[in-house]
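**Student:** Please construct the entire structure, taking both the sequences and the accompanying hints into account.
From first to last, the protein sequence lines are chains B and Z. Position one of the first sequence corresponds to residue 1 (my numbering), numbered consecutively onward. Position one of the second sequence corresponds to residue 1 (my numbering), numbered consecutively onward.
Any given hint might turn out to be false.
To be verified - Footprint (simulated), chain B over chain Z, 3 or more residues, beta carbon under 8 Å:
{"hint": "1", "segment": "85-94"}
{"hint": "2", "segment": "138-149"}
{"hint": "3", "segment": "234-243"}
Hints in this document: simulated from the structure, not taken from any laboratory. All C-beta atoms, glycine included, are put in the ideal place defined by N, C-alpha and C.
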Amino acid sequence: MKRATIAVVATVAGVAWILGFKVTPHSTGLASAGSPQPSPTAEPASPATGSPGPSPTPTPKAGGVNGTFTGSDVPNRFGDVQIKVVISNGHIADVQALQLPTDRAQSAYISQVAGPILRSEVIQAQSARIDIVSGATYTSESYAQSVQSALQQAHLG
Amino acid sequence: MPLRQVREVMGMPVTIHVADDNPAASEGVDEAFADFVLLDRTFSPFLADSLLSRINRGELAVSESGALVQQALDLCRHYERATRGYFSAWPHGRLEPSGLVKGWAIDRACSILDRRGCRHYFVDAGGDVQTRGSSDTGGPWRVGIRHPVDRGDVVRVILAADLAVATSGTYEKGAHIVNPHTGKPAEDWLSFTVVGPDILTADICATAAFAMGDEGLGFIEAMPGFEAYAIERNLVARWTAGFDAFCAAPDRS
Chain B
1 MKRATIAVVA TVAGVAWILG FKVTPHSTGL ASAGSPQPSP TAEPASPATG
51 SPGPSPTPTP KAGGVNGTFT GSDVPNRFGD VQIKVVISNG HIADVQALQL
101 PTDRAQSAYI SQVAGPILRS EVIQAQSARI DIVSGATYTS ESYAQSVQSA
151 LQQAHLG
Chain Z
1 MPLRQVREVM GMPVTIHVAD DNPAASEGVD EAFADFVLLD RTFSPFLADS
51 LLSRINRGEL AVSESGALVQ QALDLCRHYE RATRGYFSAW PHGRLEPSGL
101 VKGWAIDRAC SILDRRGCRH YFVDAGGDVQ TRGSSDTGGP WRVGIRHPVD
151 RGDVVRVILA ADLAVATSGT YEKGAHIVNP HTGKPAEDWL SFTVVGPDIL
201 TADICATAAF AMGDEGLGFI EAMPGFEAYA IERNLVARWT AGFDAFCAAP
251 DRS
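**Tutor:** Shown next as structure tokens:
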């Protein structure tokens with residue numbers, strides 16, 4: 001029963017991101033608590049057009065760069081990839097995909113419905129004390145390029 | 001005083017860190033590194049005179065390659081069955097056990113340190129790690145999962161006492177993880193982390209689950225004692241039910 005609730009909530013969250021809405025990480029906490037409704041702070045993303053025009057909306061603030069920066073639209077063999085990066089205090093606070101190849105979005109949607117969804121969240125950087133780092137060191141080329149161009153707009157790249 | 005050594009072996013940094021106050025630790029660390037070098041010389045596809053290169057050139061029969069090669073092949077066959085063929089040491093008809101050798105080398109290094117009486121240590125090879133006991137400060141070893149974009153940061157911290165952590169992804173040298181059943185690169189995940197009791201299984205299953213794409217999480221979920229944390233291309237992570245129990249509370253200051 002609990003699992004069914006989680007699956008439904010995860011589906012809502014999944015649809016939200018595919019449609020280009022921002023889902024805050026807190027909404028996924030609700031999913032694990034079995035709450036009937038996620039309450040994502042949904043804000044429409046800028047429409048994913050072919051023109052990669054920069055759309056920074058920086059908010060000056062002491063302590064580092066702040067704002068939202070949209071990376072250029074980078075094509076790969078599966079379709080276009082475009083990334084939006086939110087910078088807070090000079091650090092990446094959030095990264096969202098404005099455009100992903102369509103088949104990927106569809107398969108992600110299907111997986112949100114049918115897959116073994118147990119928990120999910122938009123990943124968050126944390127600067128915790130650690131002894132060891134585990135991790136892949138690179139991402140796919142077009143993905144990294146789009147993130148990089150967004151960072152250059154923020155003068156962090 | 002803890003003992004820590006970092007050396008470049010198999011084209012990656014390998015760190016052995018012993019927290020014990022054990023006079024035999026230093027020899028154990030040397031022996032463990034020597035074993036890494038032995039496995040590299042035996043199985044490197046980049047060394048023309050490695051046993052692997054000689055087997056693949058048809059100069060040496062597998063049956064005449066000695067116990068180390070036989071043992072590797074037995075392990076490869078075992079894991080190929082266990083992963084339903086998603087791990088394969090024969091992806092292109094040639095013997096390529098590199099997906100096995102790193103985790104196996106870590107595992108063998110741990111056995112060497114165990115024999116030397118070390119109880120609190122970790123062996124880290126290129127971001128895959130086996131921990132034992134507790135850290136220099138007496139608590140569990142803290143293993144961060146690297147943020148795939150903001151690389152100086154981590155996204156989760158695993159509290160690892162006697163635990164292995166392995167992460168597969170698309171690496172900077174351009175190597176792709178290929179789904180051996182389709183021959184195409186696996187594109188679902190940015191990175192796939194597996195936590196469990198032993199590094200050999202964790203490492204192989206992280207790569208196999210990465211190659212499985214969306215089915216990968218379910219595959220790990222079904223393995224007793226193992227959990228997974230996987231990051232999709234839109235930087236949304238999904239993880240198995242028991243994973244949170246291994247993690248430190250998030251510090252998002």
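**Student:** For every hint, state whether the structure bears it out.
**Tutor:** Structure-based check of all given hints:
Judged by the Cβ-Cβ criterion of 8 Å, the segment 85-94 of chain Z is not covered by chain B as claimed, because only 0 of its residues qualify and three are needed. Three residues within the 8 Å Cβ limit are the bar, and the segment 138-149 of chain Z against chain B gives 9, so the coverage statement holds. With 9 residues bearing a CB less than 8 Å from a CB of chain B, the segment 234-243 of chain Z meets the requirement of three and the coverage assertion stands.
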